[in-house]
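Use the sequences and the hints to build the structure in full.
Taken in sequence, the protein lines are chains C and L.
Numbering-wise (our numbering), the first sequence opens with residue 1 and increments by one.
Numbering-wise (our numbering), the second sequence opens with residue 1001 and increments by one.
For the record, the hints were derived by calculation from the structure and aren't laboratory data.
From a predicted model like this one, the values you see are computed outputs, not experimental measurements.
Misleading hints may appear alongside valid ones.
Claimed, not checked - Examples of chain L residues toward chain C, derived with CB under 7 Å:
hint, residue
1, 1047
2, 1213
3, 1214
4, 1216
5, 1245
A virtual CB, placed ideally from N, CA and C, is assigned to each residue, including glycine.
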Amino acid sequence: MTTAAVPAPSARISPLAQVARLRAWLFLILLAATFEVWTRIANGASFVLSVYNLQAIAIFASAPLMLGLGQTFVIISAGIDLSLGFVMGLASVVAAHAANFGLARLGMGPAEAALFGIAVGVLATVPAGLVNGWLIAVLKVPPFIGTLGMYGVSRGAAYLLAAGMTVAVNDDWYGAIGNGRLGPFPVLVLLTAVACVALHYVLSQTRFGQHVYAMGASKAAASRAGIDVRRLTMKIYLLSAVMGGVAGALYTGRFSAGAPQAGEPLLLDSIAAVVIGGASLFGGSGTIWGTVAGAFVIAVIQYGLVLVDVEPFWQFIAVGGIIIVSVLVDQTQRRFLGGRVDE
Amino acid sequence: MDRRSMMKFAGAAGAVAGLGALTSPARAAGKVTIALIPGLTADGFYVTMHKGAIAAAQALGVDLIYQGAAEWNVALEVPVLEAVVAKKPAAILIAPNDKQQLIAPLKKAFDAGIQIVCVDTFIGTGVFQTGSGDADFPVSYVASDNVLGGKMAAAALGKAIGGKGKVYVANVKPGISTTDQREQGFKEGMKAFPGAQVLETQFNDDDANKAAAQFQAVLGRAPDLAGVFGANLFSASGAANGAKQAGVAGKVKIAGFDAPESIVAQLKDGTFEMTIAQHPAEIGYFGLVAAYAKVTGNPVPTAIGTGFTVMTKANIDDPNVKKFLYSSK
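Printed below as a string of structure tokens:
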């Protein structure tokens, strides 16, 4: 990745807009405070000052967040990647098969087999990402349709490879990557944190990141400014697929099995996390930290409502309601600040 | 793998039919074609059911068509049904995706002279050949008794937790007849343990990640949680992972439903205390036999209940238990 001395987008933004950019974090703090009061009343315990709660929420947020990180780049570039739902599952199944192959046929130890499984699983997503990029950049297929096609293709491939079932893996090392801890930190959460920092750097500090914003704001302008939009599009969808691959390979470790449908329920959560985090589906805006906050907003609501024992059917309403409120706040803020309003 | 076994089956069926031509002219006169439409294709349960149907088809010299939709959706299942009807099989075994919405499409097939057998799920009330109602035309309903399966889970889990403590049901989403019945059966079964308390059910939308977080949240509120009944595979494995992440694996007992091959290791390492295996191959086998009997003019029971096997660490290596693992092979 080329590192250029370009200013981060935040450097050009007014102080008021800076506060607005932290909206998702403010929202998260508000939610945490609400649950703090609620759990103290309902359970007589603290919500925030509990290592147990924080670990559980962080693990819960990790999976949709891993998908959401790549999705952030895609959405900023004014695209969408629906294929992630099953690209993740494909990677999960391939990783399971590869780890088993490594153990049984290549004479690998459990640690090597785990790494081999993860590497092959992630590599398996490269064609999906390249085809997505090619469809969108070269054949000018709308992202929604192109990636929906890849959603189907990777789904079929994953189910074929798994013969319609789940693929068991018995590898303690692989299991430890999915379920182990370093001190109080779950390994899964640490890996997600590393990915967040790395991709935040890429998005905010590199020329590639700047080009993603430029393309999302105006493809024509970006092209006139000399950006190779085709190449850029390929790179963005490749990044997204690879992040889906990482999420899938980690899923296999966590559940000791590769599952084709691993990512299906996470896809919408990952998109919601990006949007709650302040990205516009029309492109040009969004940040990695916003997406992090978005993923935690969803995780805190879902976890918190169960912790305080809200009846399950109310949980559906609460989660949907909070997504609507979040988007409304976003729209209002854009109007107020004179930014582009999604209509 | 599926396709290979299909071809193997086609070859074997051809051979059986060939033999039949020598020994029994009646059978050779018209080879019976029977179709199986699963609730969805991408599911170990139906893959195994298909295997059972293949075994019966081979034994009877029947041509078997297997076609289904990739997901549980009426709008996808009906076109598959219509395409299968166009091939004019003598009978269709189907797992209807909806009790009500599949009645009309299946009635149309029935009126075209095709016998209908419901497998796993049903239309109308699931009580057939009564001479009343608009959905009593199927020949038979062949399935596990899911209420009974839930009760068996309660009996086994209740015993494992010593009859006391808190338990809850991890379920997919409301409105699916089979998982609703398992939950109902489990709650009825738990009444035999007055020392145990059944908490609110948690719905996870078939998302293992969510089921894991829900487990941790319930445990956070109820540290004396003793057990969880996962009403399907992802609910159970999600709850089991929650227990692992919370460091209470093996302490809080997890009872699962269904039995993919991955369950073996998880029973052995204590991730699962037990799982209730259905017998999908039996459903496929007896469903096909029922359809064949009807087509060849023999009487058929209107309901055939297939069994369950409770799998635990102690019995999983027993070949008589192991054979009920779901498998495509």
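Exercise. Checking against the hints above, which ones are violated?
Worked result: none
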